[in-house]
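Going line by line, the protein sequences match chains A and B. Just add 32 to wherever you are in the first sequence, counting from 1, and you've got the numbering used here. Just add 7 to wherever you are in the second sequence, counting from 1, and you've got the numbering used here.
Be aware that one or more of the hints could be misleading.
[Stated by the list, open to error] Simulated coverage check for chain B against chain A, where a stretch passes if three residues somewhere in it have a Cβ under 8 Å from a Cβ of chain A:
#1 11-22
#2 44-57
#3 70-80
#4 111-119
#5 193-206
#6 213-225
#7 254-266
Simulated from the structure, these hints should not be mistaken for laboratory data. Where is the CB? At the ideal position from N, CA and C, for every residue including glycine.
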Amino acid sequence: MATVPLPTRPRVPDAPNPALPPSNAKTNARRRPGFRRDQLSGWGMIAPAAVLLLAFVFIPAILGFGLAFTNARLISPRPVEFVGMDNFARLFMDPTFYRALLNVAYFTVVIVPVQSGLALVMALLINKKFRGVNFFRTVYFLPVVTSMVVVSLLWLFMYRKDGLINEILSTVSFGLINGPDWLGDPNTAMPAIIILSIWQAAGFHMIIWLAGLQGISGELYEAAQLDGTSRWQQFRYVTWPGLFHTRSLVLVTITIQALGLFDQISVMTQGGPMDSTTTIVYEAVRSGYRQQETSYASAISLVFFVLVLIVSAVQRYLTREKD
Amino acid sequence: MLVRVLFAVVAAFPIVFMLVSSLKPDQQIFGDMSSLAAFLPVGNISFDNYAAVFDRVPAARFLLNSVGVSAVTVVLGIFVNSLCAFALSRMQVKGKKIVFTAILATLIVPFQTLALPLVWWVNQLPYFELNGFSLEFSKGWLDTYQVQIIPFIANAFSIYLYHQYFESIPKELDEAARIDGAGWFKIYRQVVMPLAGPATATVAILTFLPAWNSYLWPLMVVQSEELRPVMIGIQYFFQLNVSWGEVMAYASLITVPVVVLFIAFQRSFVNSIASSGVKG
Chain A
33 MATVPLPTRP RVPDAPNPAL PPSNAKTNAR RRPGFRRDQL SGWGMIAPAA VLLLAFVFIP
93 AILGFGLAFT NARLISPRPV EFVGMDNFAR LFMDPTFYRA LLNVAYFTVV IVPVQSGLAL
153 VMALLINKKF RGVNFFRTVY FLPVVTSMVV VSLLWLFMYR KDGLINEILS TVSFGLINGP
213 DWLGDPNTAM PAIIILSIWQ AAGFHMIIWL AGLQGISGEL YEAAQLDGTS RWQQFRYVTW
273 PGLFHTRSLV LVTITIQALG LFDQISVMTQ GGPMDSTTTI VYEAVRSGYR QQETSYASAI
333 SLVFFVLVLI VSAVQRYLTR EKD
Chain B
8 MLVRVLFAVV AAFPIVFMLV SSLKPDQQIF GDMSSLAAFL PVGNISFDNY AAVFDRVPAA
68 RFLLNSVGVS AVTVVLGIFV NSLCAFALSR MQVKGKKIVF TAILATLIVP FQTLALPLVW
128 WVNQLPYFEL NGFSLEFSKG WLDTYQVQII PFIANAFSIY LYHQYFESIP KELDEAARID
188 GAGWFKIYRQ VVMPLAGPAT ATVAILTFLP AWNSYLWPLM VVQSEELRPV MIGIQYFFQL
248 NVSWGEVMAY ASLITVPVVV LFIAFQRSFV NSIASSGVKG
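The shape of chain B in the complex, shown without the other chains (with noise of 0.2 Å):
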């Protein structure tokens, strides 16, 4: 139990030092350091560093777009992946083991290495917009609202994860629906989906952190102080004196909008990864 606390404690330190450091004055925080005070709301506390934090940057714009462009990757990479995923594993589709393999070996393929030349295309890529009656054309992704969302939608562990747990689920339940006369739509929407929450809650784990938390991506992309998320806000804290305390809260406030969600749904996340999803 011992060694449990310990890594316990190790894990969370710096996580409570933030989080009680964005309550107190610069000075507070240096003076508190050499003492068990560093951790415990003690002393001059305030939200006093909060307010200062939205004075200096656009705070509630980036967390508005963050939680937009990760909700909707979210909500679109779940269904996009599951679909895939059940196409695959439930159904007799002619070359789907090619397709399969295609997709895994994106698997190795790292983001980073992508990332530039994908700049490159992303900036050639046509885009129409709706313009009251006439639909625009335009060329070139840079500085969108899309170009954060949709090159992160399909996912190849997604569809592994939901393909994984679609093998658990028993195929006469398809063959029942059949019976009844089901398409394989309705099948995916009724029979199989509602059974897969461990499998969509791991997916929506997997797919909103990276959304939420994606950096090197929006500052390659995103010029325009309205479409910038949260990490990007970072910078701002640098650019003149920086107040630490100030910085310590934006990084709360950044921070446990996540840990809070984590929090609920934690047990089905480690259920399911711990169940079905990698065992390698």
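Extracted from the complex, chain A is given alone in its bound form (with noise of 0.2 Å):
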């Protein structure tokens, strides 16, 4: 009964699409009449948004592969001179620039399982229909369109000494368990902040696991249900399986977020105590912003870069389809 034969990865078939041009549509288009004033309104339609990616994208993101190797500063009567490779020797000889590393690993880590597998469950709650399906739909996603700002404020508050978790850690142990100062705490620090990240962002996935969920055709459960399998047998053989996509959009879109921390870090505690919590992002703007020191900046923001194309085409390869 173990051994049903159901398939691995279940496909749910693409619908036909009967208004599918035939295949030589592209050669028959170029001697349509017409031809020429449709190209051109395809691109007056395409034009603004590219543009717009073009000026806002594009160009700033190889301006910061360029400005990383100058001299260059917001505000400043200096003409931008070519450095070299300064800019990155100065960074990797700075130990707080490892400490970040080591912190974004380390909240990344943590994060992505955690807070994908609650993401998962609450979907596994919300995905049947019953009475006040939507209620708890709503209340699950409230934390998200709560800005992550105030959000951190909230928290901030919370988190105090003399706060409201440690209150209800005190209550809930009738006074045995005397909370920390949670946020400044070196070794509580970086804990407190992943749990109200995870608080805030685990609705989002949530919902992108529910569309998943969605997207597994009902036939398979109740052919699974005829063989009599048992519910975790269902979740192993057929919720799994069916969720391949959703798993590496769900891995990718948290891991991203967790390497690019910053508002939590700014609002709460700037990078302290002892830059427990500081991050790679936190590090950039701190240079380019209250620094202005454009160019260390964009050092900072390509080496960022970098590391979330590795952490992505590494991911990529992990949860490569397996034929």
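Mind docking these for me? Both chains are given alone in their own frames, and the hints should help you get the complex.
Written out as structure tokens, the structure is:
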């Protein structure tokens, strides 16, 4: 009974699209009257978005790459000069940078499995139809619509030595637990930030999981039920394989979000205590904005971008479809 | 069901705590903390904190700025991104595959890595202002409204969502409209967009949230008080003596509009993501 012959990766068959033009449509289009005008109006429609993306994503990305090798400052009387690898040399000598790398790694390694797991549990809880399902969906999603800045502020208050978290801990343990000064202690500051980050963002990934769950055909569950499978077997052999694409999407979005940790740090700890919560993006903003060193900040940003690329590439490789 | 309720309590308790505390004087917030009263509007309840908020910061101005910036970003974003997705999805435009790939490639660039070069870049950009009858030329976008809006109009994820949704709308509809002599823009406006409501709701929410919540960007590019959005206002509460009741009142003030808006759009948002949008 345990070896139900279910497909390991059920596919929802794509609905045939009768509207699709025949395969030689492209060559036909060329001869169609009004072809040139269609091209023009098509490009006219693409242009606004394309130009904006070019101006505010591609050009800054390339600029950032270039600025990293110069001595540019935001406001400076000196002309911009090429300085080679100076910024990177300085960066790789900086112990704070390594501390930031370590902190981000710690944050990411904890956040990715815990947050995606909790989000999946939440999605499973509200995937069925029952009275009040909309209420629960809304409540689970509430923290996501609350700005991270407001969330950070709120938890800053709750994490105080005499704050709500410690009062709750003390009450439920009948006064046994005397909570720490969460954000003031280098040992608890990062865990505290991890908890509030999961609290805020899990609802978003719940929605993505939910999308994946609803893409799994109900027939597969019926078939599984006919075979008399347990609920765990259904999850293991129907749900989990069916979430293949969703899994990699959730993995990638949580990872990128985790690597870019900034808002919480900026509002709650400013990287402290003793650099225990500083991050790469926080260091970039600190040098680029507060100290106006655009070039050094660009170098940090470039290193950060390469890091994101490497991590995403590794994840893609690990979650690739194995045939 | 018990598990569901447990999750709901964990998700809701900080927000309830925030709303309830915003109605209490500081002394009582700390006094109530060790009992369930922390989550109940009991005792000395008043809107004094809200009145104090408007005294301490130009809260009305900040709210107005954020409403304006977010609304313009959402409206222009819906138009620009859906138009682009329409052409990419339904028209035989030469080279559209390359364009679509390039657009999707921008998804892997985190905004934080762009922010600093972008500050430097927008400071170099020209801007034209119509002043009476003369067109005035100025350099640098720092400290303006447009610097808070224009860079965030085009969005690869919105284009992607619209594209996915448009693919699910039968293309015979276009053909039929073409035979009736409709131009492409008319098909976009009168055939396809009216059918894309759920996608529009999703894009609206996903554009509105970061616009309303933006913090890092305005922190760097907006100095003048009269141009600042709501999130920057938080700094004002930590300058002198911190009154947590006022902080909670301000936090509630800038959160509640978003929550109301979300609840209004909630159904089509969840359905749209679930039915068409994010399939990976």
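How the hints compare with the structure:
no. : hint    : verdict
1   : 11-22   : holds (count 8)
2   : 44-57   : violated (count 1)
3   : 70-80   : violated (count 0)
4   : 111-119 : holds (count 6)
5   : 193-206 : violated (count 1)
6   : 213-225 : holds (count 5)
7   : 254-266 : holds (count 7)
Hints 2, 3, 5 from the earlier list are contradicted by this structure; the remaining hints agree with it.
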